[in-house]
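Take the sequences, apply the hints, and build the full model.
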Amino acid sequence: MSDNVLKVENVTMQFGGVVAVDNVNLEVNAGEIVSLIGPNGAGKTTAFNVITGVYPPTNGVVYFEGKKIVENYPRGKMKKLYKSENSGAYTHAIEPTPDKITRMGVARTFQNIRLWSSQTVFENILIAKHCRVTAGLLSATFRMNKLEERRQREECDELLGILELDGVRNELATSLPYGQQRRVEIARALATQPKLLLLDEPAAGMNPQETQELTAFISRIRTDFRLTVFIIEHHMALVMDISDRIYVLDFGKLIASDTPAKVQNDQRVVDAYLGVSEDA
Amino acid sequence: MKRNRIPQFFIIVGAFLLLLAVVLMLDNVPGVPVMLLIVLRKGAIYALVAVSMNILNGFTGLFSLGQAGFMLLGAYTYAILTVPVENQALVYQRYPNGGIGFSVTESLGRVLGQPGLLLGVIICLILAGIVAGVFAYLIGLPVLRLKSDYLAIATLGFAEIIRAVVQYEKLGPITNGSNLLSNFTNFSNFHLGSLKLDTVMPFVFAGVCIWVITLIINSTYGRAFKAIRDDEVAAEAMGINLANHKRMSFIISSFFAGISGAMLAMYQASVQATIFKAAMTYEILLIVVLGGIGSISGSIIAAFLFVGSSEWWLRFLDNTTVLPNFNAKLLFAIIFAAIVVGIVFLVVYRQNKAQKSRPEAVGRGRKILSLKLSGVITLVVGTLLLLGDLRFLISPDLQVPLLRSGFRMVVFSIIVMIVVLFFSRGLMGDRELPDLFRTGHKRL
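Protein sequence lines, in the order shown, are assigned to chains A and B.
Residue numbers -10 to 269, in the numbering used here, belong to the letters of the first sequence in order.
Residue numbers 13 to 456, in the numbering used here, belong to the letters of the second sequence in order.
No wet-lab data here; the hints were simulated from the structure.
No experiment lies behind these values; they were computed from the predicted model shown.
Check the hints yourself; a few may be wrong.
Here are the simulated lysine-lysine pairs, DSSO-like style, with alpha carbons at most 30 Å apart [unchecked claim]:
#1 B:159 with A:89
#2 A:57 with A:89
#3 B:159 with A:66
Spelled out as structure tokens, the structure:
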């Protein structure tokens, strides 16, 4: 139990009558790189959004480092509409906003890059440090937090150095090439000092060369920052390369979870990806 | 970068002190046009309120139109607290026993003289800001859940409600109903020896407030505001609490709007709820847009330009004028011709530039045609206008065409349209004054 950094228990996310994530259970252990794969519309990003607090789930619990961070049960209108299992299992509602979950130590990137467009690379990373600021508005305004400010700036520069972004430190973040914007986004997530990093399709729109670099980059930051990484990805080369374990989602349901080698040969996974004829 | 910062700070402080000295001189040297002083005073106050609106609209990306409401709260708070006791019977003549029965500035002034009066004013200005801030907090609870246009409508509604509530008959003993509040401590109560401080004081107060706002914008909280403006979802995912920070920004903005409202009351030496209409908010919004959304120095520059042209430089457009002699006619003809030539040149030049910037976008044949067409049209119109211009010289007694009451606002609106068309991001964009003297990106 204590080994789990992230544990998702019976999580269902239902939008009206559509069950996007159906009673999913998964675990991510400390130091692992775990991937969540599945065809388009399988509910991968929805699962991420539940973990990071963007939506409260319809039912289920999310634990982070053994602590309940999100919990919900079918309430109100959803009581009648609820289609999934374990409807009576939970009785509390814990619905933190995404910023609270980030401050607990879960950081994420987005499928379509969301950098702050009018800010430089350095500012993007410095702003991400804001969630660790202890100074109040008044002391920050009248510069009584100089020590903290200087420390944060040094940390940001250090981070830029480690991630080899110091060459573009003062460029506008959105003026960079796509691959580097990804890196900046990951750097920004790292600046919040996470224990768990969630990457939503980090290789989307990248060429094979860039993907290879990204693969090496992710393995490197895992060791450098002692991270646990949870990835959504379509790109099989990347997933098979770096994942310790893989979860496969199809129509909101978990259909397989195993090591890359075994998942690759799992008939259900192949069917989900390639489709299976009705009369087979 | 450390080496660079300290001199810059001293340059700014030095420039500000120099500015104050110039303003102090203008105030006390005879022969300075009264209009200039009025523009300076009102400009300083409008600069502060425009900057305060920019905190919300420019730096946090919240489109709010409640500024006049918060100014009104500030103005009334200040006025109510500072009407001297012996004047209260006169001011509140329709409400027996009206007024609060004491005056902060008067009591402090009696004990400490001028410094006490100043202290009282500062306390009341801050209280004015606090009252506006408290209201902002309360209104923010429901309203800040809204986004963009909806937030604008809700805040606009609030401003109108506040204006109506203040004029409510039952509140008369405090707010004097829909009547004027006057006779309270204002800028003309202050003297340094025999020097008048009427214009310096608004500059000092506005300067200090804008300095504090700049500090906030450049602090970690200001950076968080900008992150919310650029991408709310990303900001929240990076640990910035949206509700808290939006509320904070709203309160800060309203706090300074309240102070500027109080300063406006001091400048006018009277307050009446009817002047804080939605039209006032639009004026401020206009300044913010003209100066550049997200630029503090832009707002300040635009505030003075706005007040200057609406109060002073364009006044002559409202007066029907007959040119007395040939020289005046010649001068008028030359100015007119220069404007026509300038516009023709601008149109052709821009057309040319636009064509050059996308050479492959249009076929070669069409490019020449469109350039010719636009050139021909502007040249023909220009020539006709210049021919008409010559007519002015020979006509016996020339009343300058178009100049009549109300024409000022037409010209003013045209100027605004031109600025918005040609500088679509305002005069300064989101840059600040020092950025103009720097090459490349700023280094933090």
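Right, here's what the structure says about each hint:
no. : hint            : in the structure
1   : B:159 with A:89 : holds (22 Å)
2   : A:57 with A:89  : holds (13 Å)
3   : B:159 with A:66 : holds (26 Å)
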